[in-house]
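Here's the letter readout for the chains.
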Amino acid sequence: MAGRTAARRIRWWTTGVAATLIAATPLAGAYTVTLTPASPKTIYLQIGTGSFTGGNLNAGGTGANNSTVNTVSLNLASSAVGNGLAQTMTTNSTAANSFYDGYAFCNLPNQLYVGGYYRKTGANTAAAQVMASVPANLVNASGNTIPMSQISRTSSGNGDGAAAQPFPAGAFVSGSLQNVGSIASNQWAESCWTFSYANSFVPASGTYSATVIFTVTTP
Amino acid sequence: MSAGSFKRVAGFFLVLAQSIIWPAVATAATIIDDSASQSLEPSVSMRWQTPVPGRRRTSADDQLSGLVRVRVRLDLAPWLHRRGRIYFSLPSQPPGPIDISWSTQGRFSSGQLRSGNRLLVYAGPIESPVFEELFVFQFSVDGRLLDSAARVTYNFEIDED
Chain A
1 MAGRTAARRI
11 RWWTTGVAAT
21 LIAATPLAGA
31 YTVTLTPASP
41 KTIYLQIGTG
51 SFTGGNLNAG
61 GTGANNSTVN
71 TVSLNLASSA
81 VGNGLAQTMT
91 TNSTAANSFY
101 DGYAFCNLPN
111 QLYVGGYYRK
121 TGANTAAAQV
131 MASVPANLVN
141 ASGNTIPMSQ
151 ISRTSSGNGD
161 GAAAQPFPAG
171 AFVSGSLQNV
181 GSIASNQWAE
191 SCWTFSYANS
201 FVPASGTYSA
211 TVIFTVTTP
Chain B
220 MSAGSFKRVA
230 GFFLVLAQSI
240 IWPAVATAAT
250 IIDDSASQSL
260 EPSVSMRWQT
270 PVPGRRRTSA
280 DDQLSGLVRV
290 RVRLDLAPWL
300 HRRGRIYFSL
310 PSQPPGPIDI
320 SWSTQGRFSS
330 GQLRSGNRLL
340 VYAGPIESPV
350 FEELFVFQFS
360 VDGRLLDSAA
370 RVTYNFEIDE
380 D
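If you read the protein sequences in the order shown, they are chains A and B. Take the first sequence: its letter number 202 is residue 202 in the working numbering, and every next letter is one higher. For any residue, its number in the working numbering is found by taking its place in the second sequence, counting from 1, and adding 219.
Derived from the structure by calculation, the hints contain no laboratory data. Careful, some of the hints might be misleading.
[Claimed, not checked] In silico SDA-like links for lysine to any residue, alpha-carbon gap of 25 Å or less:
#, chain 1, residue 1, chain 2, residue 2
1, A, Lys41, A, Ala59
2, A, Lys41, A, Thr218
3, A, Lys41, A, Ala210
4, A, Lys41, B, Ser284
5, A, Lys41, A, Ala132
6, A, Lys41, A, Ala184
7, A, Lys41, B, Pro314
8, A, Lys41, B, Ala368
9, A, Lys41, A, Phe214
10, A, Lys41, B, Arg292
11, A, Lys41, B, Gly343
12, A, Lys41, B, Ser264
13, A, Lys41, B, Leu364
14, A, Lys41, A, Ser67
15, A, Lys41, A, Asn66
16, A, Lys41, A, Ala30
17, A, Lys41, B, Arg363
18, A, Lys41, B, Val271
19, A, Lys41, B, Asp318
[To be verified] Pair by pair, the computed Cβ-Cβ distance ranges are:
#, chain 1, residue 1, chain 2, residue 2, range
20, B, Arg290, A, Ala123, 40 to 48 Å
21, B, Arg266, A, Thr215, 23 to 31 Å
22, B, Pro261, A, Ser73, 52 to 60 Å
23, A, Lys41, B, Val355, 25 to 33 Å
24, A, Ser73, B, Asp318, 50 to 58 Å
25, B, Glu351, A, Thr215, 55 to 63 Å
26, B, Ser367, A, Ala164, 30 to 38 Å
Quick caveat, the model's predicted, so the values are computed rather than measured. Ideal placement from N, C-alpha and C gives every residue a C-beta, glycine not left out.
Generate coordinates for the entire structure from the input sequences, incorporating the hints supplied.
Here is the structure:
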């Protein structure tokens, strides 16, 4: 009997050891938090005159709508028409300073400010594309035309030196939807366009006009 | 079996029990039960670290960061009246490299680290069964990695002295 009692006690001890082991083993713990991207996709494009409220972007300002349609124009003396010498055009835009920080980036009236920014999260970091819808011709009141391909542009910016411009130089392609630059994700992009008229033929006299519409598209 | 032999058997099991328990607690980093912790915000709202994108692209332009307050409660009852070193650990995990910094109210040390590492936040006696402290965590992650909400797990570990 004494042996059976001892055996029971041993089993009890064994159970006690097991219980002690379980109680002494800490519960595994880990805490989980959820990171939620709360920065909305943002796009801003300004061709010529634009608007910001609350100061420049680096001061907390925010881009705003602006319905102004600027003009780039040229008055050509009759003696110079068609002489093959390219003529620099000027703009009525008053935008010379960058809304990024107020820096005097373009020189009026020869340069047209083009700028904007694009912010987004996620793996798709493709750039936003700026497109120009270009009519075939400039037209006067009599219906005479000048091909839009007569107009080209150079691109630069004060302080940029020889840096590549996000909105590069080029020429309009008559009657096309053409890419005129891009805005990389999470970057402010800006350039100054200087337009010139090729002046390579003699059109009928008159005032010729056309409207180019710019759009920006995000991926 | 005599009473004397029972004592010898019991003594054997006592030694066995100690030999099993001690290595489990004393030599390996053990994750502390922090299931009683409570976040004061439902999630970490991740916003651009720099409100303004760069005129020329830099890495900072893509960084998102956000704050969350967590009332950390660590169940230290298994180590009560012992001495230990407590570490904050942020394992490597999706969405990718995560930088975290935190401030505390003083019992634990403030610090910062990148995921995949741990940092000592307390060393000393375990004088109460529960350590409680308000942590303010700041998470920072490359925004290009954060398409949508991501769950991030951290833990506290203890090495007993």
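Hints, verified against the model:
Among the hinted pairs, Lys41/A with Ala59/A is consistent with the structure: their alpha-carbon atoms are about 19 Å apart, no more than 25 Å. Only pairs whose Cα atoms come within 25 Å are accepted, and Lys41/A paired with Thr218/A is accepted, the gap being roughly 9 Å. A hinted pair counts as satisfied when its Cα atoms are at most 25 Å apart, and Lys41/A with Ala210/A does not qualify at roughly 33 Å. Between Lys41/A and Ser284/B, the direct Cα distance comes to roughly 16 Å. Compliance with the 25 Å bound is thereby established for this hinted pair.
Simply put, Lys41/A and Ala132/A have alpha-carbon atoms about 23 Å apart, close enough for the 25 Å limit, and the pair holds. Simply put, Lys41/A and Ala184/A have alpha-carbon atoms about 13 Å apart, close enough for the 25 Å limit, and the pair holds. At most 25 Å may separate the alpha-carbon atoms for a hinted pair to count; Lys41/A and Pro314/B meet this at roughly 19 Å. Proximity of Lys41/A to Ala368/B is assessed by CA-CA distance (about 15 Å); at most 25 Å being required, the pair is judged to hold.
Between Lys41/A and Phe214/A the alpha-carbon distance is near 20 Å, which keeps this suggested pair within the 25 Å criterion. A hinted pair counts as satisfied when its Cα atoms are at most 25 Å apart, and Lys41/A with Arg292/B does not qualify at roughly 37 Å. Our distance criterion of 25 Å between C-alpha atoms is broken by Lys41/A and Gly343/B, whose separation comes to about 48 Å. A C-alpha spacing of about 15 Å is found between Lys41/A and Ser264/B, which places the hinted pair at or below 25 Å, so the restraint holds.
Using a Cα cut-off of 25 Å, the hinted pair Lys41/A and Leu364/B holds, with the two alpha carbons roughly 15 Å apart. This hinted pair checks out: Lys41/A and Ser67/A have alpha carbons roughly 22 Å apart, not beyond 25 Å. This hinted pair checks out: Lys41/A and Asn66/A have alpha carbons roughly 20 Å apart, not beyond 25 Å. Distance restraint check for Lys41/A and Ala30/A: the Cα-Cα separation of roughly 33 Å exceeds the 25 Å cut-off, and the hinted pair is therefore not satisfied.
Note on Lys41/A and Arg363/B: the hinted pairing holds, with a Cα-Cα distance of about 12 Å set against a maximum of 25 Å. At most 25 Å may separate the alpha-carbon atoms for a hinted pair to count; Lys41/A and Val271/B meet this at roughly 13 Å. Straight-line distance between C-alpha atoms of Lys41/A and Asp318/B comes to about 23 Å, which keeps the hinted pair within the 25 Å bound. At roughly 34 Å, the beta carbons of Arg290/B and Ala123/A sit outside the given window of 40 to 48 Å.
Judged by the Cβ atoms, the range 23 to 31 Å given for Arg266/B and Thr215/A holds: they are separated by roughly 28 Å. Restraint check, Pro261/B to Ser73/A: a C-beta distance of roughly 57 Å satisfies the suggested window 52 to 60 Å. Judged by the Cβ atoms, the range 25 to 33 Å given for Lys41/A and Val355/B holds: they are separated by roughly 29 Å. Ser73/A and Asp318/B have their C-beta atoms about 53 Å apart, which keeps the hinted 50 to 58 Å range intact.
The supplied range of 55 to 63 Å is met by Glu351/B and Thr215/A, whose beta-carbon atoms lie about 56 Å from each other. Under the hint 30 to 38 Å, the C-beta atoms of Ser367/B and Ala164/A, about 34 Å apart, fit the expected range.
Consistency with the previously given hints fails for numbers 3, 10, 11, 16 and 20, ordered from lowest to highest.
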